[in-house]
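Novice: Sequence:
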Amino acid sequence: MTQGIQRSSLFWASCLALLVTSLSFGIRAGILERLGTEFNLSTEELGVIASTVFLGFPLAVIIGGFLVDIIGMKRLLILAFAFHLLAIILTIFANGYWTLLISTLLIGIANGTVEAACNPLVATIYPENKTTKLNHFHLWFPGGIVIGTLIVMGFDELGLGWQAQMATMLVPTVIYGFLFSRLSFPVTERVASGVSTADMYKAVASPLFIFMFLCMFGTAITELFTNQWVGLLLGNVIDNALLLLTITTGIMVIGRAFAEPIVHRFAPQGVLLASAIVAAIGLYLMATTSGNMLLVAALLFGIGVCYFWPTMIGFVAENIPKSGAVGLNLMGGAGMFAVFVYTYFMGGNYDKIVLKNLPAGADLKAYQAATAGSTEAVAFANARLVAGPEVIKTTLIIPIILIVAFAGLVFYMKGRKKETLS
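Position 78, counted from 1, in the sequence shown is what our numbering calls 78; the numbers after and before it change by one each time, with no gaps.
Derived from the structure by calculation, the hints contain no laboratory data.
From a predicted model like this one, the values you see are computed outputs, not experimental measurements.
For each residue, glycine too, the CB sits at the ideal point set by N, CA and C.
Where hints are given, some of them may not hold.
The calculated label-pair distances, taken between Cβ atoms and stated as ranges, are [to be verified]:
1. L214 to P127: 19 to 29 Å
2. N95 to F266: 47 to 57 Å
3. V171 to I78: 13 to 23 Å
4. E128 to F258: 15 to 25 Å
5. L150 to L214: 34 to 44 Å
In silico lysine to aspartate or glutamate, EDC-like type, Cα no more than 16 Å apart, as pairs [said to hold, decoys possible]:
6. K356 to E44
7. K352 to D363
8. K417 to E318
9. K352 to E45
10. K352 to E390
11. K74 to E390
12. K352 to E44
13. K365 to E376
14. K322 to D69
15. K322 to D199
16. K365 to E38
17. K365 to E44
18. K365 to D351
19. K356 to E390
20. K365 to D69
21. K356 to E376
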């Protein structure tokens, strides 16, 4: 299938494109609170802006999933490059709520278009080792978040503003756009293997696919909501909340790099069950501890969420292969849409918790804009000290549900294996 195709070049160009999507998460997570201050935005407004990336992503990844077999992966990736370029430039020149909202939506569309093409591309060029190579590909997502947070911290030390931090994304964007424009692409695995469109839709409607589709809501929220909001939620609990994100994503990079022996030893469903257990422990510690114990919590949380996204997609690619690119992209779209909805509501919920811990009738924006050291500023900081862990406690319910779901999946797959062998 891949004879004559520049497999290694395609894989590394895909990794570079994913690096751009993750840089957008890492840098935006680092500057989110600053944008709120500079443009006088409430946490609810920041929540709407942050959640918009998770709306653009599923729209692009689902539409792209239906188009990829028709127009090809190359054209989709050229579109992703154009959207990334436009989104980054618009963010750099943003002047308020609406420009930030539109640029974030475009970032989400670009990110979704990358995954719409690259997930089936990796599964196509590595048919013998899908879950492992998808983990290797997706290590660039936490890797880019690590790089993004380091850029934020380093540029802050140098006194360079958030616009300069966003501008760093232009370099890998231009490079991946150039590389993809010059490379040859295969057709998707489903097209190459001759699976009909009717069989593809039948696979997507199967009970196992629907189960994994629903579980993707929970795995995506657990990982992406927490990582995107950790600076905001725990900024008043620890001096440098971005350090938590750096630890979490750093562990994710290492874990995904060494995914092969773990996936082969425990099978995708076993990895997912263990991941849900460790992620729940990490979230619990994040919500109930402080100081150095938060670093331990971030470490455990990183181990827990490390394999969620690529292993969910890899499970579908291996066990429901007839679902094709549409199946893989529906999984990605489901995850990001769930994060969009959850982030949207959690922004408002966070503000409600803060208001509940302020004097009756308090004006939230007035307290947010209060001069540092004033009575209002101290009260606002104390209210945030309560709100962040409360939101994390709410989120903890999700991996607990996943533990039960994935335990059931382990037993189901054991039964299916016995039926196959008998």
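Novice: Would you mind marking each hint as holding or not holding in the structure?
Specialist: Each hint, compared with the structure:
1. L214 to P127: 19 to 29 Å: holds, 27 Å
2. N95 to F266: 47 to 57 Å: With a Cβ separation near 50 Å, N95 and F266 satisfy 47 to 57 Å, so the hint holds.
3. V171 to I78: 13 to 23 Å: The hinted range 13 to 23 Å holds for V171 and I78, with Cβ atoms some 18 Å apart.
4. E128 to F258: 15 to 25 Å: holds, 19 Å
5. L150 to L214: 34 to 44 Å: With Cβ atoms ~35 Å apart, the hint holds.
6. K356 to E44: holds, 15 Å
7. K352 to D363: holds, 12 Å
8. K417 to E318: holds, 14 Å
9. K352 to E45: Within the cut-off at roughly 13 Å; holds.
10. K352 to E390: holds, 11 Å
11. K74 to E390: Violated - the C-alpha atoms of E390 and K74 are around 44 Å apart, more than 16 Å.
12. K352 to E44: Between K352 and E44 the Cα gap is close to 9 Å, so the pair holds against 16 Å.
13. K365 to E376: holds, 11 Å
14. K322 to D69: holds, 13 Å
15. K322 to D199: Measuring from Cα to Cα gives roughly 7 Å; hence the hint holds.
16. K365 to E38: holds, 13 Å
17. K365 to E44: holds, 11 Å
18. K365 to D351: holds, 10 Å
19. K356 to E390: Holds, because 12 Å separates the two Cα atoms, which is no more than 16 Å.
20. K365 to D69: Violated - the C-alpha atoms of D69 and K365 are around 49 Å apart, more than 16 Å.
21. K356 to E376: Roughly 14 Å between the alpha carbons, so the hint for K356 and E376 holds.
Checked against the numbered hints above, the structure breaks hints 11, 20 and satisfies the rest.
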